[in-house]
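Chains as they are written, first to last, in numbering that gives the first Met the number 0: chain A, 0 to 284; chain B, 0 to 327; chain C, 0 to 321; chain D, 0 to 324.
Bear in mind the hints are in silico, worked out from the structure with no lab data behind them.
Keep in mind the model is a prediction, meaning the values are calculated, not measured.
Keep in mind that a hint or two might mislead.
[As the list claims (entries may be wrong)] Here are some chain A residues the structure puts well away from chain B; computed CB gaps all over 12 Å:
1. S43
2. D59
3. L142
4. T153
5. S182
6. E189
7. I195
8. H250
[Unchecked claim] So these bits of chain C aren't anywhere near chain D, every CB distance computed over 10 Å:
9. L9
10. G55
11. V118
12. I139
13. F141
14. V158
15. E214
16. M219
17. A220
18. L225
19. P313
[To be verified] The following label-pair restraints were derived from C-beta to C-beta distances:
20. D:R58 x C:N175: 52 to 58 Å
21. D:D198 x B:S162: 48 to 54 Å
22. A:R187 x D:A243: 56 to 62 Å
23. C:V60 x A:I106: 36 to 42 Å
24. A:S15 x C:L166: 23 to 29 Å
25. B:D132 x A:S18: 36 to 42 Å
26. C:N175 x A:R99: 55 to 61 Å
27. C:G170 x A:S18: 42 to 48 Å
We put the beta carbon where it would ideally sit given N, CA and C, even for glycine.
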Amino acid sequence: MHRNSRPKIGLILSLSWFSVCIFCAIFGDFLPLPKWDDYDYDNSAARMFSKGHILGTDYDGSDILSGLIHGSRTSLGISILSVGAALIVGSFLGILAAYRRGFIDSILSMFFNVFLSVPTIVLTLVLVAIFSSPSLDGSSTELPRELVLIISLTIVFIPIIGRLARGTALSWTGREFVLVAESIGMRRREVLIRHIVPNVMPALISLFVLGIGFVIIAEGGFAIIGVGTQPGASWGSMLAKNRGELTLAPHTALIPATVIALTVASLNYYGEYLRSRIDDRESRI
Amino acid sequence: MTGLGKEHLRQASDALLRVEDLVVEYKTGRGDMFQAVAGVSFDIMPNETVAIVGESGCGKSTLAKGVMQLLTTKSGKVVLSGVEITGLGKEELRQVRPNMQMIFQDSIASLDPHMTVSQIVEQPLKVWGRGTDQERKEKIEDLLKSVNLDPDVVGNRKSTEFSGGQCQRISIARALALEPKLLVCDEPVSSLDVSIQAQILNIIREMKNRYGLSLLFISHDLAVVRRISDRIVVMYLGKICEVLTPDQSLSPAHHYTQALVLAVPMPDPTIRRQRAVLDGEPPSPMYPPTGCRFRTRCAAMTTICAEQEPQLREVSPGQFVACHHPIV
Amino acid sequence: MKLKLIAFNLLRFVTVLVLVTFGITLLVRLLPGDPVGTLMPFATEADRAKLSAELGLDMNVVEYYFRWLGDFIRGDFGTYYASTGDGGGAKVSEMLAVALPRSLLLMLYVIIFSLLVSVPLGLLMAYRAQTRVDNVASNILFALYSIPNFALGLGLAYVVGVKLDWLPVIGYVPINEGFGEHLKSMILPTISLSIGIIALFSRLLRSDIISTLREDFVTMAASKGLSNSWILWRHVFRPSCSTLFTAAALQMGGLIGGSVIIETVFALNGVGMLLTASIATRQYLAIQSLVALTAVAYLVFNLIVDLFYSVVDPRVASHRAS
Amino acid sequence: MTSLFSINNLAVAFHTDRGELNAVRGVSLELNSGECLGVVGESGSGKTVTWRAAMGLLRGQKVKITGSVRLRDRELIDLSAEELRELWGTEIAMVFQDPMTALNPVRRIGSQFSEALIKRLGLSKEDANIRMLELLRMVRLPDPKSLIRKYPQQLSGGMRQRVMIAMAIACKPSILLADEPTTALDVTVQAQVLDLLGDLRKELSMSMVIVTHDLGIVAGYSDRIAVLYAGEVVELATTTELFANTRMPYTQALLNSIPKLTDSPGSPMQVIEGAPPDPVLVTTGCFFAPRCQYATDRCRAEHPDLVDSGDGHIYRCFYPLGKGK
C-alpha cells in the first residue's frame, strides 16, 4: 500500500497556512489595515512594499493585502457553506440510497446521474441565472451575489457528494459486521447511524476538503465570466479584476492567484492525507 | 439426496431448533433463480452440537444464514424453542434474535473497524438495554476474561489492531453477551493457523458447557468437526446426503462422505496414501443432476439413481443416508 | 448475454437523456422576468405574439417539451434573438456551426495531449514507485493540480504570449486559414486545460498499476521468465487502464461546455462562451438547446465507455450484468 | 543424491514503517535432484518468503537479502535481473496458491499460456499451440481446445490450478516450486491436484518443493520435511523419521494440535498457547521458548543452533525430545 510518502512537514505547512486563512476570514476586520474597498486614487497600482500598502495596490488604489484578507472571508465562506450544506444533504441521500436499496436507491441514483450529466460549470451558470435576476416572487430586490453562489453551488454539489456517499456506503453495507448488527437485533436506523455513517464519514470529510478547494477555483472562474462576486470581493474576483494588468502591474493578479493556489494545495494535501489514512485502515481489513 | 425424508428428525417438542424442508433461492447474474439450499431438514437438541460439513458451493453457509433468518428463505419452516420464526414480522423476529447469535469465518470483517473492543462487546447489551452501566462493565470484563482476553489491555483498543484469532475471540464474547440458546458458527476456524485453531475450538467448547449452549457448527474440515460435534450432517449441492455420529464418520454409508474421508491427507506417513477417489468437480447448482445429485460423480450409480431421488433412511442406529446403494 | 447488457446501457442512456432535457426545460421556465419583455422590448405586437408562441408560453411544460424535443432532434435549436430587441436574430444552429468545432477541437487536443503525457508518466511513476523519481513527480503534479487552470492560462499568456511573443494570446484561427496558425492559437488553451487533467490521469494510472503489479499473475508471469517490459505492456497495462479511460470519457463529456472559462480567457468563442452569452441575455431557446447539447455529449461519451467495457473487458461482462 | 539447489544462511528483512521486519533469519535448505522437499510452517514462519527470495522474485520491493543461493554450482544471489530471468521457467518454475488471482483476468487462457512457449522456447505459433494442447491434456484437463478460448473466471478453481501447473512445466523446469498449491481448493479437488503433482514429478523426473501449512500433505507426498518457525528452520528430517522420532517440541506440539481423523471424537484439542514472536522485535533466546512447555531459563536466554543428530535429522533445541542416534 503506497504509504503517504510526503513527510509530516507537508501536513504541518498546509494546516498552518489554512489556519492563517481561517483566522483572516474571521478576525480580518480587526486588523489595522485600510478598508479593502476605499480607493486611494493618488497611489494606485503601487508597487509591493510601498508606503502604507505592504503588498501594493491595484489600478483603482484598493489595498491588495486587505483585499486578500476580506477576500478570504468571501471565498472560504462561499466554499465552506456551499460544500458543507451539500455534504449534509448529499451524504444523507447517498447513505439512505445505499442502505435501503430497491426503489429508493434507483430513484436517487437516477437523480444523481441526471444532475451529473450536465457539466458542473454549466449547471452552476444556469442556477446562478435563475437565482440572481429579480427574485422569484417578483419583488425587486436582487438576492445578494454571495447567497446566489452558495445556493447554486450547494445544489451542484449535492449529487456529487451523494453519488460518492452512496458508493462508499455500499462498500460498507456489504461488510459482515453490518450482518452481525442485524443479527443482534438492531433496527435498520440504528445500524445506519452506529455502523454505516461513522465509517463513511472519513471519506466524506476528505471529499469536503477537496470540494472547498474546487469551489475556491470555480468562484474565480465565475468572476472571469462576469458571474462571480462583486469585483475584488473574493480572491477569484481579485484575480479576474486584475487579469488585464499583467503587463503594467503583474503583482495585482499574481498575488491572488498564488494565494488561491496555496490554499487549494493545502486543502488538497489535507484531503489526500485523510484519504490515505482511510485506505491505510481499510487495507488492513 | 434427502427429498422429503425427515426420518433423522427427533421429537419436535424436545428440539431447541427444528428446520423442515428449508429452501433458499439466489438470483444469478443473468436473472434466473437457483436453489442454494434445496429442501433441508435437521434439528438440534438442547446442549447438542450439530455440524454441517460440505465443500464450497454445497450451501452450508447459506443454510446457516437461512436458519438465522438473515436472508429471506423461499419456503420451509425454522422453529426455535417451539416458536416458528419463518414468516414472523420484522419486530417479532427482532424480539427472537437475542436467543440465537452467530460468529463468522472472516473474524476481522465481522468487527466494526471504528469501534473499540469493549464498545463491540457492549453493543448487544446496549441495544436491548440490559443492566446498568456498572453491570454492563462487569459483564464485558467477565466475557473478555472467559475468552482469555485481558479487558484492561484489550478494552479500549480498536479491533483493527488484532490478529484473526484475537478477533474471533472478541466475536465469541460479543455473541455470548445476550446469553443466547443457540450459537451458529460459520467456519469459525477455517482461515486461522493450526495452533490458533485449537485455541478457538477449545474456547467454543468451554463456552458451550458453561452457558449450556446448542451449537450449529459449519465447516468444510471433517477432522475438526469430528472433535467438536455430537452429530454430523453431510451436505452436497444444496441437499443432505448423510447424517451420522463422529464415531461412525470413519465408516460412512454414503459414497460422497467416503470420498470426503479418503481425500483428507493424513499427517502420518505410515498410512498408505489413497489416490483421489473422485474426479472432476461438483456440477453448478443452477443445473443440478436429476434424481440423486451426486450420481454424476458416483462409482455406484445405476439407472434408479437418475430417476428417483433417494430419501434419508436409517441404515444403522443414529446413521441416516440418502442413497439407493449405501455402503453397508 | 452481451446484448442484454448493451440494451440495459442504452435504456439507461435514453431515460437519463429524457430526464435531463426535461429538467432543463423546467429550469429555463424558472428563469424569472418576462421572457418576451426582455428579449423584444421594442418589437411590434405581432412579433411579440410570434415569440411568445415560439417560447410555448401558452402551452403547458410537457407539451412544449415534446415540441422542443422534436425540433432539437431535427437539428433546429431555436433562434438567438438579436440584442436590438426588434425581433430579428440568428439561428442557434448556425451559431453552433461556428462554435461547436472550436470546442470539439479543443477537447480533442486536450484529451490527446493529456493521454500522451499522463500514460508514460503514470507508467514511470508506478514502475519506480516510492523512489525519488516517483516522489518528485507526484509533488510537482500535486502542485500543478492545485493551480486554477485559468490562472495557468493567464500566466502562460503573459510569459509565452506577451513577453516572448511566440504564440498568439487571444483569438481562434480556423483550420482553413492555415493549420500551423490554427495549432499555434490552440497551444496555450490546450496546455492550460491539460495540466490539471494530466495530474489526475497519471495519478489514476499510477495507483491502478501499483495495485495490479501486486497481483499474483504478475509474479506468475515473472516466474515464467518474461521480461519486465513485456509483462508491463502485455499483462499489467490492459487491466489497469480501465479507470483511466472511464475518467477520460468523463472529461471529454465535461469539456464540451465545461471549458467556458479558458474559452473566455483566450477568447475562443466556443460553445461555453455562446452558452454564457445566451444566459446573460436570457436567450431561453438557446440556453435550453445548448445545455441539452452538452448533456447529450456527456452521456454519449459515457455510453461509449460503458459499451466498450461491456464488450471488451471480460471481467465487466461477467459480473456487470448482475 | 547430488545437491541441485541449496540455500545457505538466507536472511530477508523488509523495510516497513514499523521498522526492519525480519521475515527470514538465516535459513539453510538443500534440495537434491529428483527429491520432493516439504517445507512446513504456520503463517509468518517465512516459508513463502524464503523461496520467493531464493528465486529472486522479491527484487522489486524494498528488501535486504543476504546469504547464498546456489543452483547446481552457480551462485544466484548476485546475478543480474536478465541472467536470473534466464533461469525462471526453464530451470525453476512456480505454482501459486490462489488460482483466482494467479491468471490474468482480462486475457484468454490460450494467449497467456502460449506466450511463454513462444517467448522463452522460441516456438512458432503453431508449434506453441500443439505443445500447449499436449500440456493441457497432460494435466488431465477435459476438452483443451475449447478451454484455451475461455477467460480464467469461466473455469473452476481446480481447473485453473491445473492450467497453472501446465504452464509451470511448459519449459521443462528441473525444479517445481509449489507454494501452497492446494490451500484454496476443496479437499476432494486437492487430492486430485496432489496426485497430479506426484505423477508429473515422476514422469518428468523433476525435483519439487511443496510449501504448505498442512502437515498431512507433506506426510503423504514429500521425501524430506523442513519445519520453519519465526523465520528459521527448527527441524529437518526424512518424512518417516520426522513423524516417528520428532525432536523439536514445536513440531511435536504442532502434530498434537492438528485434528486428525483417527483421534477419538470429543476429546479436547491440545493447545499451543500464545502466538509467534513479532518479526519486527529482536527477541533473545529460542523463539519458541515463550510457548514451549519444556522451556528452561537457558532456552529463554540463549538462542540454540541447529544440531545434526548424525543421520541428517537436524533440530534447534537444547533439550530435544525422542531418541538421539
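Results of checking the hints against the structure:
no. : hint                        : verdict
1   : S43                         : holds (56 Å)
2   : D59                         : holds (53 Å)
3   : L142                        : holds (41 Å)
4   : T153                        : holds (28 Å)
5   : S182                        : violated (5 Å)
6   : E189                        : violated (7 Å)
7   : I195                        : violated (10 Å)
8   : H250                        : holds (48 Å)
9   : L9                          : holds (24 Å)
10  : G55                         : holds (51 Å)
11  : V118                        : holds (17 Å)
12  : I139                        : holds (23 Å)
13  : F141                        : holds (21 Å)
14  : V158                        : holds (40 Å)
15  : E214                        : violated (6 Å)
16  : M219                        : violated (5 Å)
17  : A220                        : violated (8 Å)
18  : L225                        : violated (6 Å)
19  : P313                        : violated (4 Å)
20  : D:R58 x C:N175: 52 to 58 Å  : holds (56 Å)
21  : D:D198 x B:S162: 48 to 54 Å : violated (38 Å)
22  : A:R187 x D:A243: 56 to 62 Å : holds (60 Å)
23  : C:V60 x A:I106: 36 to 42 Å  : violated (21 Å)
24  : A:S15 x C:L166: 23 to 29 Å  : violated (39 Å)
25  : B:D132 x A:S18: 36 to 42 Å  : holds (38 Å)
26  : C:N175 x A:R99: 55 to 61 Å  : holds (57 Å)
27  : C:G170 x A:S18: 42 to 48 Å  : holds (44 Å)
The structure is inconsistent with the numbered hints 5, 6, 7, 15, 16, 17, 18, 19, 21, 23, 24, although it conforms to all the rest.
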